[in-house]
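**Q** Given next are the chains, with one letter for each unit.
Number of protein chains: 2
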Amino acid sequence: MLIMRMHHDLILTGLLFVTIAGSALAQSATPMDPLPSWNEGKSKAAIVEFVERVTDQSSPDFVPVAERIATFDNDGTLWSEQPLYFQGLYALDRVRKLAPDQPEWSNTEPFQSVLKGDLKGVMATGMPAIEKLIFATHADISGEEFQTSVRDWLATAKHPQTGLPFTKMIFQPMLELMAYLRANDFKVYIVTGGGIDFVRVFSEGTYEVPPEQVVGSSLDAKFEMTNGIPTILKTGKLDFIDDKAGKPVGIYRHIGRRPIFAAGNSDGDLQMLQYTTIPSDAKDNKPGFGLLVHHTDARREWAYDRDSHIGKLEKALDDAPQQGWLIVDMKDDWSKIYP
Amino acid sequence: MLIMRMHHDLILTGLLFVTIAGSALAQSATPMDPLPSWNEGKSKAAIVEFVERVTDQSSPDFVPVAERIATFDNDGTLWSEQPLYFQGLYALDRVRKLAPDQPEWSNTEPFQSVLKGDLKGVMATGMPAIEKLIFATHADISGEEFQTSVRDWLATAKHPQTGLPFTKMIFQPMLELMAYLRANDFKVYIVTGGGIDFVRVFSEGTYEVPPEQVVGSSLDAKFEMTNGIPTILKTGKLDFIDDKAGKPVGIYRHIGRRPIFAAGNSDGDLQMLQYTTIPSDAKDNKPGFGLLVHHTDARREWAYDRDSHIGKLEKALDDAPQQGWLIVDMKDDWSKIYP
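Going line by line, the protein sequences match chains V and E. The numbering of the first sequence is UniProt numbering, which starts it at 1 and goes up by one. The numbering of the second sequence is UniProt numbering, which starts it at 1 and goes up by one.
Hints should not be assumed to be uniformly reliable.
Since the list can't tell identical chains apart, any single copy or any two copies may satisfy a pair.
[As the list claims (entries may be wrong)] Under the rule of at most 30 Å between Cα atoms (straight-line distance), these lysine-lysine pairs were calculated in the DSS-like manner: (1) Lys-42 to Lys-286; (2) Lys-132 to Lys-222; (3) Lys-331 to Lys-97; (4) Lys-222 to Lys-312; (5) Lys-132 to Lys-168.
In short, the hints are calculated from the structure, not lab data.
Given the sequences, and given the hints that come with them, work out the whole structure.
**A** Now the structure itself:
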């Protein structure tokens with residue numbers, strides 16, 4: 001009754017008030033569970049406890065909004081990464097697509113193996129082969145052409161085992177976690193060992209993370225005016241590898257402050273978790289939360305850690321108990337994997 | 001009367017509503033002039049016209065909030081830069097401070113000239129000398145130690161001619177312009193040829209630009225765990241020069257989308273203005289605004305352009321009319337220079 005009377009007055013003063021009152025009413029209702037795909041248990045409780053602690057003004061661990069930086073690895077943390085990083089699958093498809101214009105590839109490694117579908121042959125040639133594939137598919141191309149190529153690929157390519165589009169192989173519980181942090185005024189970044197230009201193509205639509213909040217590995221780029229038109233050209237020179245000890249450096253360069261929340265899933269995230277959770281300065285008493293997604297669910301996703309060639313998790317897993325990092329058990333902690 | 005009745009109801013339903021209603025009422029009042037230190041005239045009118053055009057949903061030039069990126073050069077655009085970039089003055093002071101522990105500097109150039117106060121001698125030795133000074137004062141130091149050193153310097157150092165602290169030699173009209181853009185949901189970045197680590201120390205307190213929205217030149221950095229404590233160490237290797245053609249590259253790396261508003265004051269900003277105002281793709285029909293601060297006020301600040309060794313403005317000045325870039329005449333357009 002009161003609300004009806006109020007609404008009557010509000011309508012008289014214009015639609016703006018009604019809208020505001022409506023959203024305020026929604027906010028004053030009992031909050032919905034912000035993490036519905038997380039099973040009740042110590043992992044979910046630890047996350048909620050941390051977020052409540054750093055956002056409670058009366059808590060000694062309160063962190064001002066400007067300092068609420070959260071960083072998420074991408075491969076294996078926000079989406080799957082088996083049997084090969086999805087960006088690697090893009091590179092292989094791209095080689096096949098470009099092959100008709102590159103006849104010499106039919107007898108040059110690693111292209112020859114790619115074109116024969118001999119993935120083991122590609123992997124056997126190791127990092128130099130991978131680098132050759134990356135340069136052949138990611139360099140000497142404008143930033144915009146590259147974006148278009150990745151966008152087109154994501155729109156049609158399917159995962160070889162699940163048959164799903166790659167952007168459907170994202171982890172629903174992690175989407176909820178990022179949304180929960182944003183609702184608590186965190187600025188959420190992706191800090192990926194993958195290519196910054198690759199991830200930026202889908203980060204906003206898929207994760208609600210805008211391009212300016214993606215940190216990643218990069219090739220060098222140069223700016224040119226061609227016939228009066230500005231172009232960013234991706235060159236064949238490696239600029240930065242945002243992995244392992246590179247992750248804190250990437251964070252330092254792009255963000256310029258220590259995160260208070262970091263999530264990863266492999267030893268490539270070890271240093272990011274160290275940087276996030278161990279104060280480097282006695283004056284810095286901000287709390288820090290470290291989270292590791294442990295791939296334990298061979299039925300719904302994949303199960304791997306110490307012995308995996310992709311997403312190897314060993315040192316970070318060993319260090320987690322001592323450092324107080326949360327190990328999320330995919331099988332037990334998540335009621336749902338993909339959306 | 002209506003408002004009183006409404007307020008009565010609102011109080012019954014809790015303070016939240018009152019607060020919301022109050023701020024909504026404030027918003028519906030006649031807006032104050034957002035650019036009070038800009039004289040009425042074509043410069044101010046052009047800025048307001050652009051902002052209204054891109055924020056008006058019914059305009060063909062409407063730009064969604066996520067795409068409203070604005071980039072500002074720092075030296076000469078947001079604060080003064082004469083007789084030498086202020087970061088250069090920091091480096092000179094730092095050499096003097098470190099000299100007692102570096103006895104060899106008393107007979108080594110360029111340190112010898114610095115210690116003798118012979119600035120012309122320093123400048124005569126050119127870029128290699130400047131680089132030596134930068135490495136001696138900005139490298140082999142942790143990110144945090146560097147920040148502390150810059151913060152301490154800014155708190156006490158005075159400009160050699162005005163006697164003002166450097167953070168008081170910022171341009172009031174540009175502060176208003178940045179605030180005006182933010183009020184219209186622009187994300188405002190600094191894109192500086194100066195050091196990213198240097199500018200980040202004061203950008204938030206001085207310009208309300210958080211560290212993650214500063215792009216600049218950088219030395220390489222590495223991450224180390226020392227006795228279990230994480231450290232970012234600035235190394236003596238140049239990583240990136242965010243000047244001239246480097247500015248669009250810095251923007252591409254850090255932001256990942258083309259700005260729609262860019263402000264500079266020298267030929268170092270030419271490519272940033274080209275990148276901002278000339279679409280590189282026929283599908284990209286976002287409008288772009290380019291602004292050049294022209295230092296024309298020898299009485300209140302400095303007057304220089306084509307012949308200046310600092311902030312040389314020649315090519316961009318020549319290109320401005322054809323490109324439609326706004327040339328802001330400091331003397332005529334600004335009623336106030338410093339706050």
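**Q** Now tell me, hint by hint, if it's right for this structure.
**A** Hints and how they fare:
| no. | hint | verdict |
| --- | --- | --- |
| 1 | Lys-42 to Lys-286 | within (23 Å within a copy, 48 Å between copies) |
| 2 | Lys-132 to Lys-222 | both (20 Å within a copy, 26 Å between copies) |
| 3 | Lys-331 to Lys-97 | neither (37 Å within a copy, 59 Å between copies) |
| 4 | Lys-222 to Lys-312 | between (34 Å within a copy, 23 Å between copies) |
| 5 | Lys-132 to Lys-168 | within (29 Å within a copy, 52 Å between copies) |
Hint check: a violation occurs at hint 3 only; the rest are consistent with the structure.
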